[in-house]
Amino acid sequence: MNGRDGHRGASRRGISERAWGALFAGPALFLVGLLALAPLLGAVWLSFHRRLPIFGISEFAGARNYWLLWGDERFWAACRTTLHFTGLSVAAELFLGLGLALLLDRVLNGRAAEARWVQAAVLIPWAVPTVVSAQMWSWLYHPDYGLLNYLLQATGLVSSPINWLDDPVRALHAAVLMDVWKTTPFAALLLLAGLKTIPRDLYLAARADGAGRWAVFRHLTLPLLLPVILIVLVFRTMDAVRIFDAVYVLTGGGPGNGTETLSIYAYKTLFQTLQFGYGSTLATAMFLVVLALTAGYLLLLRRHLREIAS
Amino acid sequence: MTEGRSHRGTNAAKVQIGRALLALACVFCVGPAVWQAVTSLKPDAELIRLPPLLPGEPTASHYRAAVGEPSLPRALLNSALVATGATVLAVGLGGLCSFALARLPVGGKRAILAVVLCASMFPPIAVISPLYLLVRALGLRDTLTALILTHAAYALPLTVWILTSFFRQIPTDLYRAARVDGCSPWRALALVILPLARPALAVAALLVFIFSWNEFMFALTLTASEAARTAPVALALFPGLHEIPWGDLAAASVLVMAPVVLLAVLFQRHLVAGLTAGSVKG
Numbered sequence: 001m002n003g004r005d006g007h008r009g010a011s012r013r014g015i016s017e018r019a020w021g022a023l024f025a026g027p028a029l030f031l032v033g034l035l036a037l038a039p040l041l042g043a044v045w046l047s048f049h050r051r052l053p054i055f056g057i058s059e060f061a062g063a064r065n066y067w068l069l070w071g072d073e074r075f076w077a078a079c080r081t082t083l084h085f086t087g088l089s090v091a092a093e094l095f096l097g098l099g100l101a102l103l104l105d106r107v108l109n110g111r112a113a114e115a116r117w118v119q120a121a122v123l124i125p126w127a128v129p130t131v132v133s134a135q136m137w138s139w140l141y142h143p144d145y146g147l148l149n150y151l152l153q154a155t156g157l158v159s160s161p162i163n164w165l166d167d168p169v170r171a172l173h174a175a176v177l178m179d180v181w182k183t184t185p186f187a188a189l190l191l192l193a194g195l196k197t198i199p200r201d202l203y204l205a206a207r208a209d210g211a212g213r214w215a216v217f218r219h220l221t222l223p224l225l226l227p228v229i230l231i232v233l234v235f236r237t238m239d240a241v242r243i244f245d246a247v248y249v250l251t252g253g254g255p256g257n258g259t260e261t262l263s264i265y266a267y268k269t270l271f272q273t274l275q276f277g278y279g280s281t282l283a284t285a286m287f288l289v290v291l292a293l294t295a296g297y298l299l300l301l302r303r304h305l306r307e308i309a310s
Numbered sequence: 001m002t003e004g005r006s007h008r009g010t011n012a013a014k015v016q017i018g019r020a021l022l023a024l025a026c027v028f029c030v031g032p033a034v035w036q037a038v039t040s041l042k043p044d045a046e047l048i049r050l051p052p053l054l055p056g057e058p059t060a061s062h063y064r065a066a067v068g069e070p071s072l073p074r075a076l077l078n079s080a081l082v083a084t085g086a087t088v089l090a091v092g093l094g095g096l097c098s099f100a101l102a103r104l105p106v107g108g109k110r111a112i113l114a115v116v117l118c119a120s121m122f123p124p125i126a127v128i129s130p131l132y133l134l135v136r137a138l139g140l141r142d143t144l145t146a147l148i149l150t151h152a153a154y155a156l157p158l159t160v161w162i163l164t165s166f167f168r169q170i171p172t173d174l175y176r177a178a179r180v181d182g183c184s185p186w187r188a189l190a191l192v193i194l195p196l197a198r199p200a201l202a203v204a205a206l207l208v209f210i211f212s213w214n215e216f217m218f219a220l221t222l223t224a225s226e227a228a229r230t231a232p233v234a235l236a237l238f239p240g241l242h243e244i245p246w247g248d249l250a251a252a253s254v255l256v257m258a259p260v261v262l263l264a265v266l267f268q269r270h271l272v273a274g275l276t277a278g279s280v281k282g
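Line order of the protein sequences matches chains A and B.
Quick note on our numbering: the first sequence kicks off at 1 and runs consecutively.
Quick note on our numbering: the second sequence kicks off at 1 and runs consecutively.
With the rest of the complex left out, here is chain A (with noise of 0.2 Å):
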């Protein structure tokens, strides 16, 4: 009743809370309909063009840059390689960062002073620019004064330099290494708050019905845990799959195209050599790829999660 009046009290002075809800939810979603929105369904409608500036020609193509993408091998050479870059370092970022949260929740469980040293420096990979970190890493990847091989020459691990770069896998492992470098840290993090959310209170009953630690971790921590690893996951796919400065700047997609991921591909298409159709309809495939494995994970985790959630 109460907030009845209150409508009623606003309308007679001219403006209704529905129209304040439009005035005060508009120009944020007309900024995001304008510069995201609009552009994602422009991606779409340029993939059925030919639309080539430099000579002029802007055409309806039909289906035909789809046809183009389906044979054209280096499209497909881009697919693997961000499968690979994406399977990689998305799993090493989920092992190595639950890793870290638990080592984190066990040995500094109640040490604040130290949680926030650690916390720290957990945080300053995710703040790093990517960009600077591609031209830190390039530095520390060096064939001559590159760090990395002056530590594996000096505790024996490698006899003589490696040059990390000039090899396509070697590129892309080491692009990984990067990744993992950035994001794992933070993963960590979020499995951490994850694992804070666990109540203490069921490990000690676990353990007094006498499981051991692995059970524990097993059947209790790992199924409580699920959301936010499946989040974690989902994040981290996204942004694995649409990789794009680190390896620009890192690789600049090679040597030859060993490197090129989809994103890569997609941005010379389009702006180096100025194919807007055909950038188009990689951009669309990409998005379509994305769309697909955040669809995947849902469905395949669906189970697990209404377990949980019942």
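These are computed hints drawn from the structure, not numbers from a lab.
Even for Gly, the Cβ is constructed at its ideal location relative to N, Cα and C.
Don't take every hint at face value.
What the hints assert, rightly or not - A few chain B residues that face chain A, going by a derived Cβ cut-off under 8 Å, partial list only:
#, residue
1, Phe99
2, Pro105
3, Gly108
4, Ala119
5, Ala126
6, Val127
7, Thr150
8, Trp161
9, Phe211
10, Phe216
11, Leu235
12, Leu249
13, Val260
Dock chain B against the given chain A, drawing on the hints supplied.
Only chain B this time, still in chain A's reference frame:
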């Protein structure tokens, strides 16, 4: 008895191992950034020699060279302007929008939140070509305005999600009371809600600022000249024509990362709270 003692003994050993592993993880996290800082202080002769690991005679020459490069100070200024503008715009518009979604009757709230979330998921490459054409058509290519607007638009989803969930936690009664006392929604927001929401607004602002400062693809594509180039783009284009000036590059890297790394470390508790809240609560 013996069993208990040996248990305690292995536990202490485990704690030691745990601490050692943590220390190792911290070194791994901080190491590359520290190494870049160390490199930036090394004279050229020591750059191409290992050991020594630490500079024998620290030099500021690389910083002088990096700042002497006319594009870098300009790029840092541009980044500061873009990130500040995007922060003000995203937090301002996002705050209003979140308040509307949390407290005012708006049609299709769930749909709006879902669409806004989707907008933050797709890869930037998927929108870059129409965005480029749009910005060019609006006559905004190579301007800071274009970057401010795009960064704000892409930071808005996160801002709206964080702030909406925060506004929902503020008791409705406070807002109702202000309304009954004759405040317009606008005044109720400004006088009652915003003061309470200051921590959440600060977290959102910090996240937008760091996002905008770090963003590369839009900045690279939508700018063409030094007039609008941001720091990450300047850094990516830094390498010389023939030889990479590693020392100068290291100094430039330190200058580009320093502001955001400082912000992250200074406000770490708020940042972590803000970043984890949304995802952990689901």
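Status of each hint after checking the structure:
Annotation: Phe99 of chain B was flagged as interfacial toward chain A, and the flag holds, the nearest CB pair being 6 Å apart, inside 8 Å. Given the 8 Å rule on beta carbons, the hint for Pro105 of chain B holds: about 5 Å separates it from the nearest Cβ of chain A. Because the beta carbon of Gly108 of chain B sits about 10 Å from the nearest beta carbon in chain A, more than 8 Å, this interface hint is broken. Hint status for Ala119 of chain B: holds, given a least beta-carbon distance of 4 Å to chain A, under 8 Å.
This hint holds: Ala126 of chain B has a C-beta 4 Å from the nearest C-beta of chain A, less than the 8 Å allowed. A least Cβ separation of about 4 Å between Val127 of chain B and chain A falls short of the 8 Å threshold, and the interface hint therefore holds. At its closest, the beta carbon of Thr150 of chain B sits 6 Å from a beta carbon of chain A; the interface hint therefore holds under the 8 Å criterion. Contact between Trp161 of chain B and chain A, as hinted, is not supported at the beta carbon level, the nearest pair being about 12 Å apart and thus beyond 8 Å.
Interface hint at Phe211 of chain B: violated, since its Cβ lies 10 Å from the closest Cβ of chain A, which is beyond the 8 Å cut-off. Against a cut-off of 8 Å between C-beta atoms, the interface hint on Phe216 of chain B holds, since the closest Cβ of chain A lies about 4 Å away. The criterion of a C-beta within 8 Å of any C-beta in chain A is met by Leu235 of chain B, whose closest approach is roughly 5 Å, and the hint holds. Given hint, Leu249 of chain B at the interface with chain A, holds; its Cβ is 6 Å from that chain's nearest Cβ, closer than 8 Å.
Here the hint on Val260 of chain B is kept, as its CB sits about 5 Å from the closest CB of chain A, short of 8 Å.
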